[in-house]
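Asker: Sequence:
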Amino acid sequence: PSAFITEGDNLTITAVSVGGKPPVRNVTCWAGGTLLQETAPSNASLAPDRFEKQFMLNAITRKYNRRTLSCAFEQDDKLAQWINKTLDVFYAIRNASISLSSARILSGSAVSFTLQTSDSGNPPARHFCHLAERTLQQ
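Take the sequence shown: its position 39, counting from 1, is numbered 39 in the working numbering, and each next residue is one higher.
Certain hints may be false.
In the DSSO-like style, the derived pairs of lysine-lysine whose C-alpha atoms are separated by at most 27 Å in a straight line are [what the hints assert, rightly or not]:
| no. | residue 1 | residue 2 |
| --- | --- | --- |
| 1 | 85 | 63 |
| 2 | 21 | 78 |
| 3 | 21 | 63 |
Simulated restraints on C-beta separations [stated by the list, open to error]:
| no. | residue 1 | residue 2 | range |
| --- | --- | --- | --- |
| 4 | 98 | 72 | 44 to 54 Å |
| 5 | 116 | 38 | 14 to 24 Å |
| 6 | 119 | 86 | 15 to 25 Å |
These are computed hints drawn from the structure, not numbers from a lab. The beta-carbon is built from N, C-alpha and C at its ideal position, and this holds for glycine as well.
Please model the entire structure based on the sequences and the hints provided.
Answerer: Structural data, given as structure tokens:
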């Protein structure tokens with residue numbers, strides 16, 4: 001997979017095998033334990049020792065973050081090679097809100113507020129607050 005997978009992306013997985021005796025005759029892939037369907041017929045005619053198959057993971061969600069993508073390259077009934085990759089899905093924070101300590105604010109008085117989110121996002125969000133182009137202190 002690409003270095004950057006963002007929530008909502010469609011992920012195309014291309015499994016390729018070159019060589020091997022006996023040659024690879026099938027590839028099966030799973031993402032987070034879910035069997036992936038191939039998107040196109042196998043392309044075994046590229047070269048005699050090359051086997052290629054494509055799979056699609058549509059509209060990837062944050063639930064796939066840190067899950068394993070596994071592909072089994074089957075040569076015959078007894079030989080199989082497993083390839084595993086960990087998925088790193090980038091996603092934004094959800095449900096950000098700001099709460100003020102008081103409903104009434106007097107000019108010149110100090111104000112406290114709290115910034116809350118329902119999750120931290122991936123990568124975790126860094127929170128900055130600005131008022132009239134000034135960065136507020138924590």
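Asker: Check each numbered hint from earlier against the structure, then list the numbers of those it violates in ascending order.
Answerer: Those not satisfied are hints 3, 5.
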